[in-house]
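Let's have the full structure, built from the sequences with the hints guiding it.
Here are the chains, one letter per residue:
2 protein chains.
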Amino acid sequence: MKTIINFAFYSGIILLLAISVPVFSQDHPNLILTRQGVKNIKASLGKAPLFDKVLAQTIAEVDAEIRTIEVPIPKDMAGGYTHERHKRNWFMMQKAGVLYQITDQEKYAVYVRDMLLKYAEMYPSLPLHPTNRSYATGKIFWQCLNDANWLVYTSQAYDCIYNFLTEKERKHLEEDLFRPYADFLSIENPRFFNRIHNHSTWGNAAVGMIGLVMNDKNLVNKALYGLDIESNNKNERDNDGGLIRQDGQKNAGFLAQLDGSFSPDGYFTEGPYYLRYAIFPFLQFAKSLANNKPELGILEYRDSILKKAVYSLLYQTDANGLFYPINDAQKGMSWNAREVVTAVDLAYFHYGKDPMLLSIAEKQGKVVLDEAGFAVAKGLADGLAQTMRQKSIAYTDGPMGKQGGIGILRTSTAPENELCLVMKYSAQGMGHGHFDKLSYSLYDETGEIMQDYGAARWVNIDQKGGGRYLKENNTWAKQSIAHNTIVINETSHYEGDIRIGEKHHPDLFYFHGSGPVQVVSAKSQNAYPNGELHRTLVLVKEDHFRHPLLIDVFRATTQTNSQFDLPIWFQGHLLLTNFEYDPELTTLNTLGDGHGYQHLWKEASGKTESGNAHINWFSNGKFYSMLSVVDANDELIFARLGANDPDFNLRHDPAFIIRKKDKKDATFISIIEPHGAYNPVSELAEHPFTSIEKISLLHDDTAYTVVQFQNKAGKKWTLFLANDDASKEDTHSIKVNKKTYEWQGPFSLISNN
Amino acid sequence: MKTIINFAFYSGIILLLAISVPVFSQDHPNLILTRQGVKNIKASLGKAPLFDKVLAQTIAEVDAEIRTIEVPIPKDMAGGYTHERHKRNWFMMQKAGVLYQITDQEKYAVYVRDMLLKYAEMYPSLPLHPTNRSYATGKIFWQCLNDANWLVYTSQAYDCIYNFLTEKERKHLEEDLFRPYADFLSIENPRFFNRIHNHSTWGNAAVGMIGLVMNDKNLVNKALYGLDIESNNKNERDNDGGLIRQDGQKNAGFLAQLDGSFSPDGYFTEGPYYLRYAIFPFLQFAKSLANNKPELGILEYRDSILKKAVYSLLYQTDANGLFYPINDAQKGMSWNAREVVTAVDLAYFHYGKDPMLLSIAEKQGKVVLDEAGFAVAKGLADGLAQTMRQKSIAYTDGPMGKQGGIGILRTSTAPENELCLVMKYSAQGMGHGHFDKLSYSLYDETGEIMQDYGAARWVNIDQKGGGRYLKENNTWAKQSIAHNTIVINETSHYEGDIRIGEKHHPDLFYFHGSGPVQVVSAKSQNAYPNGELHRTLVLVKEDHFRHPLLIDVFRATTQTNSQFDLPIWFQGHLLLTNFEYDPELTTLNTLGDGHGYQHLWKEASGKTESGNAHINWFSNGKFYSMLSVVDANDELIFARLGANDPDFNLRHDPAFIIRKKDKKDATFISIIEPHGAYNPVSELAEHPFTSIEKISLLHDDTAYTVVQFQNKAGKKWTLFLANDDASKEDTHSIKVNKKTYEWQGPFSLISNN
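If you read the sequences in order, they're chains A and B. Okay, so the first sequence: first residue is 20 according to the numbering used here, each after it adds one. Okay, so the second sequence: first residue is 20 according to the numbering used here, each after it adds one.
The reader is advised that the hints may include incorrect statements.
Any copy will do: because identical chains look the same in the list, a pair fits if it lies in one copy or spans two.
Each computed DSBU-like pair below joins lysine-lysine, with the alpha-carbon atoms no more than 35 Å apart [as the list claims (entries may be wrong)]: (1) K72 / K382; (2) K397 / K382; (3) K350 / K621; (4) K757 / K734; (5) K382 / K350.
Simulated from the structure, these hints should not be mistaken for lab results.
Here it is, written out as structure tokens:
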């Protein structure tokens, strides 16, 4: 725009031309594919084997589908026939459009045209979707979100066959389908369109992308800048309990999403599972804008926030590329998802051709069929890939990076393997957030060692509540006891109330992500009123142990005598304990009445006077142990998920709970050691027992905590923590067992002999 | 021997010579390796990459171990230090011996020698192992079985360095170690040595192999022909309840094992997990005999029974090569086990160079370091491998093939995938047998669909009862309710008494293992007194269904009113049912008091008047459904394993139980359909619902059972079964719903429209 207006100073004629031509090019395709891009791809077919392979697969897939066109009257929830059919239609149209461009075969254009005509025939008389279960019910689908998905893909298909269609066909499609469709998603659904939320990102992208194809400035502006924000009620909430309009939200639209969805370093407040979902419309619309409105500089917007978002997505994965299932997340989602293929390809193409991205693309074994995907396939063919090395990193949360965050510590255990700790001290995460302040999860190359439950949801599996969030998502998955964190008086953090949770967040105390001793430490002042939670997690790589150790120091203080529970969601089968317990042999009862406790069966309860509770378990061919400092009065509980679950919605996972009662303050100290392996084919057990003999708390007050542990050979280590001074420069001194120790900075681990 | 004696007729001098020279060659190595074999291998190094790879790995492994020799005083159970150390020693000595032969490097011979000398120093004063927990306690290990393992491997090591040792060293080793060791395993432990059992096979092989190396006829004869059988008490039993001397056992020793351990077609009565274990000494000693006493023709013995045994082992695996866990078996054991590598290589080399065996060797990625392994590696290098196609097959059980058996039906579902049904109607299987008459398990390419629990044991995991069978193996794993078969009046088959079980076996009624409709049908007259169980399992491949169907027709008759339970151990997570049930929300109780019922929690119970109970579940990315014909009075129970389990020894697996009460006869009809898939990365659910609308029992009496089912499109199929006539030729006729149907043979499946 700016360029054209500048011309006006020089020539009235040019000004006239500038006004009479569209503000962006009318060439098609012009959205994701461009005419020049297609030309380049066609000229280079056969030179990038992965691209050719995906092209051949896509041809086979579309050719198998192309014979019949089904556009049923919408009726079903996710997982049901009409939902899945319309979903499949959007994918098929997008792919057929691309194939028409690359292969020049008219059958693909005919297929897209004929299907679009069927939609145009149905749409004008379509009422709201009969399910009526969403805060923003759609027309084709049960929620506007899915209607927006359809348009993000279909606008690309329309763009690809634009020139194939007659003007009359285009007029018909735009008047009867696309414009009313875009109006429905925007002006008819401001609650959906105007949020700072992944739903609205899809909505903005959908309206903006079809606007770009139709050359409709009005739609594009709505997409970029939103509707009048005042049309949104401040206290309204969506189905997940998320606010329709966030406190202090002043703008809406795509640019406001870019400003408000990410922290300055690219962390997405809903977590990586949802970032994986949202990154697709972010990148697709951004790419479309880069092709059509380069003057916006959208890819560089906010210090290239989309690049940071892609990297934060790839960093929030375990050794197998599975996303940490924090907040509402279905387990099993990984960087192999189609959205991440798009993200990797676009980031490679537009953000400096990072050769480490190629190694992810190689694992994905897929590329998108556009110039970005072609560049990736060519890079792989040229042998440019380098292994992706994910680093220990702390991400801030909140648009200004001031609302806590998550800390990731990684340490390699063997070539290609690693122990990875994720600590969560982020903001609430909107409607998809969990009450899991200062919780952690732990991973190695086999996957979860200490799990985060994820969401109680079977996405798109109709049998389970139409694929939506189950009631157990609120009663179980969001509750604090479902996470590896302290629960006081059987009440979840923030009383399990999102309205309280949204007002607060924990804070990072300090983060040290390199060297043999890595530490993340964070505090929460508000999870419980008048109390503080302070957790320090230390990942230690020490030559005297085969694998890295995790030391967990968790201090809780309150004003009144309370019960403190620290659950450990160890994954696997319990092998042994060092303490006696009373097992429930013939009757099981629930562990409590609410805040998730009603979903737990109490299987056994024990105590020990030995000072340490030790559990040893087996999972995925490996042995693990945890030793915890416990008092003789601490109750040691084995619990199992599955009570109050009338529809068999929950997994029956085991937990170990350390319970401290009638105290104002409680400090939990544990050490976790992965130490051996077993293979059912060789039937050989290697190092099945922990090499740690003992762990003890030598000192604990508001200023300092000192923990000592020793291995079976008698060698001792002492961990010194400063609890209220995170300065790297300050020096500390403490007398323990008549000996004075001095150190600098907030932590120190020393070997005693 | 025979040849030499014949010489005697021609010449006194030759006779004299024949007597004065050993009956077999004194060349060393002469056991598994031979001088000529080693020469051939050395000449061809570099021509068979897999052999070279294994050689390099073995060198690396042994070189890392060779520096220190530890021969601790025996003390620990399996999984403990001394057990695992001595076990590692036998592997290392055997490997070092082979390396000495192939590489000519003396360090390997020195290592074996020095370790043997340490054993010779310790052995003479060694008492019985202090654990004293076995019916045949060993010296180095807790049971003679493991002592025998040691000698099977170590005799090979001794053979390999025989010529490296001085005569004095040999004399010392033989007098102080090998001869007393062999005597201990044989004449000092007739209960161990004289059985028809895998334990004794190891014992026989151990004594025979060291006898061959030492050129000791007496030991070799003991190994081949056993000790005086009368030294074994007829009623004595081992730790697993197995008889020390079987009814009618007249002979002992290796040849008696070959006669008594296998059915004529190679089935091993303890099941494939134990066959995998026993095949190793069978083949090692046989190979040693073939090298040293070719006149015995051991490899051709009993119509090449060892060849049949190897194939039966390879056929009793699922699509991933995992053995069916029938009887006492730890899951996860597969054709990748070291014993199966030996079996595949020897079978390839000695039994006709079957190119399909090469495809298994390719998956194993290993070969043994001898001429057989070399031949396999060379075959692979020459590209001779052909895909192993396992067929539907019925194996007989019992030495004469007259004691029932197992039936395996396989049908391909897609390239490389299959649905595989295993029905068990075998004899008791000695001390490792389960009370699971007419049970079945079902597999597809993902593994178990309907599971067999396997054994309650963590092999070699010290934390779990020293790695031995746990008490829950008797109270749970062997019981009938732990299997997919009928339980009458909450009492296991044969009253759960091995002494009754050993006297009986079910019988195959008929087996039809080819074409689109495959059937296995068997009857048990003795699982319950005065009653009969008759089960017919039908695997149907029909174009109207995406995947094959399994139809289960299970008829039970008794003399008095009884309760009939049919448990279905579906693997996975329940998604939905078509019936209402009362879930136990806040308290769980056990389902019963004994015969395994005390280990089950009752989670829910329902009924339906619809005629069909339908359950739908999800496992390993796939959807499955079962529809069963039920009366309005049938109780539909969801149960979960884990009650009365004070040591957390059991898995918490789910079961669905159909219960029919107060009846003399009960017929259970079910149809199982694998029908769809779900991928957590794409989040797309394909065909999550069954395509079967209904299944009904049209007719049921002692002569005929007629079952009809229809799909959702209304198409019907009818299955006709003749219950008391297995003839293929006989024709049958029955009037159902006023229409007369005629067919030939014991079954017929027709499509009605």
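Indices of hints not satisfied (ascending)
Violated: none.
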